[in-house]
Amino acid sequence: MFDIYTIIFLALAVFIFFRLRSVLGQRTGRERPPYDPYSARDAVRSPANDKIVTLPQRPAEPAVSRPAEPAPPPADRWKDVAESGSSVAAGLDAIAAADPSFDAKHFITGARAAYEMIVTAFAEGDRRQLRSLLSREVFDGFDAAITERENRGETAETRFVSIDGATITAAELRGRTAQITVRFVSKLISATRDRSGTVIDGNAEKVTDVTDVWTFARDVSSRDPNWKVVATEAGH
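Each residue of the sequence shown is one higher than the one before, counting from 708 in the numbering used here.
Please note: incorrect hints may appear among the correct ones.
With a straight-line cut-off of 30 Å between C-alpha atoms, the simulated DSS-like cross-links for lysine-lysine are [what the hints assert, rightly or not]:
| id | residue 1 | residue 2 |
| --- | --- | --- |
| 1 | K786 | K812 |
| 2 | K786 | K894 |
| 3 | K935 | K812 |
| 4 | K812 | K894 |
| 5 | K913 | K894 |
| 6 | K786 | K935 |
So the derived label-pair ranges between C-beta atoms look like this [what the hints assert, rightly or not]:
| id | residue 1 | residue 2 | range |
| --- | --- | --- | --- |
| 7 | H813 | T854 | 33 to 39 Å |
| 8 | D847 | R819 | 23 to 29 Å |
| 9 | K913 | S793 | 32 to 38 Å |
| 10 | A877 | K786 | 16 to 22 Å |
| 11 | D833 | E879 | 28 to 34 Å |
| 12 | R890 | K913 | 19 to 25 Å |
| 13 | K812 | D919 | 16 to 22 Å |
| 14 | T854 | A797 | 38 to 44 Å |
| 15 | G942 | A805 | 45 to 51 Å |
| 16 | D833 | S808 | 28 to 34 Å |
| 17 | D931 | T854 | 14 to 20 Å |
| 18 | T854 | S808 | 37 to 43 Å |
| 19 | E857 | V892 | 26 to 32 Å |
| 20 | T918 | S793 | 19 to 25 Å |
It should be emphasised that the hints constitute simulated quantities derived from the structure, not laboratory data. Glycine included, every Cβ here is placed at the ideal spot set by N, Cα and C.
Taking the hints into account, I'd like the entire structure generated from these sequences.
Listed below in C-alpha cells is the structure:
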C-alpha cells in the first residue's frame, strides 16, 4: 500500500520529531522566566551570589558657621589714659569703634606737640602755622588778638619750660566727628613788651604755671589724620 518513498518520508519525520523533542522538550531548571514587558522597568535584580552593592552616601552638607562675635575690649584698654567704666573711656571706645587706627596715647603725644606749637606760633604771630592747627572759628579769634597786638606795636615772648601734664577730661563721637578735650598743665616764661621794649605784662625772668583746656576734633571718615583745636579756655 505504501511505496518506498512514502516509507522513507515517514521514517524521517519520526526521526526529526524525536530529535526536536530531545532538545526542546526537556527542562533543566536553568531556563529564564518568560519576559514580562509590563514589569517594573526599575526593578533591580540581585546577582546570583545575592551580594548587594551599596551606593556611596551623599556627603553631609557642611555646617554653616556663624561669624564670630567681636570680643569686648579689655577692661584696661585705656590704662593710664582713662578710668575703666568712666564716661571718658566710653567716649574713647566710641571713637575707636569708628576709627580702628585711633591710639589714645599717640593722640596725647600729638596733642602735647600741637599745644606747644600753637602757643609759640601765637606769640610770634605765625598765622600760617596757626591756620593749619586751628579750626576756622578758633583761628579767627587768635588772628584778631594778633592784629590788635600788632596795631598797638606790642610784641609777645613765650618760652616753654615744661609740659607737666596732658590729661583727657572728655571724649565723645558726634556723628562722624570725634572730639577730645585735654587739660594741659605747663610751665612758661611769658612777657609782653611795648614799642620801646618795656615789659608791660608778664615777667621775662619768672616761670609761671599755666593751665589750659583745649578741645580737639577730627572727622573720622576723612583720610586726613590731623586733629584741629576747636575750642580753648583757661583752666584752673
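(message) If I claimed the Cβ atoms of H813 and T854 lie 33 to 39 Å apart, would that claim hold in this structure?
(response) Given about 35 Å between the Cβ atoms, the range holds.
(request) Note whether the CB distance of E857 and V892 lies within 26 to 32 Å or breaks it. (result) holds, 30 Å
(message) Holds or violated: K786 and K894, Cα atoms, limit 30 Å.
(response) holds, 26 Å
(message) Need the status of pair K913, K894: alpha-carbon distance at most 30 Å?
(response) Holds, because 10 Å separates the two Cα atoms, which is no more than 30 Å.
(request) Quickly compare the C-alpha distance for K786 and K935 to 30 Å and report which way the hint goes. (result) Roughly 25 Å separates the two Cα atoms, so the pair holds.
(message) 38 to 44 Å was suggested as the range; check whether the CB atoms of T854 and A797 agree with it.
(response) Between T854 and A797, where Cβ atoms are some 41 Å apart, the hint holds.
(message) Tell me if the beta carbons of K812 and D919 are separated by a distance inside 16 to 22 Å.
(response) holds, 20 Å
(request) Indicate whether the distance between the beta carbons of K913 and S793 respects the range 32 to 38 Å. (result) Holds - the Cβ-Cβ distance for K913 and S793, about 37 Å, lies within 32 to 38 Å.
(request) Take a look at whether the Cβ-Cβ distance between T918 and S793 falls inside 19 to 25 Å. (result) holds, 21 Å
(request) Look at the Cβ atoms of R890 and K913 and judge whether their distance stays inside 19 to 25 Å. (result) holds, 23 Å
(message) Quick check on a hinted range of 28 to 34 Å for D833 and S808, using CB atoms only.
(response) Given range 28 to 34 Å: holds, Cβ gap about 30 Å.
(request) State, for the Cβ atoms of G942 and A805, whether the hinted interval 45 to 51 Å holds or is violated. (result) violated, 28 Å
Violation of the numbered hints given earlier is confined to hints 15, 17; the remaining hints are satisfied by the structure.
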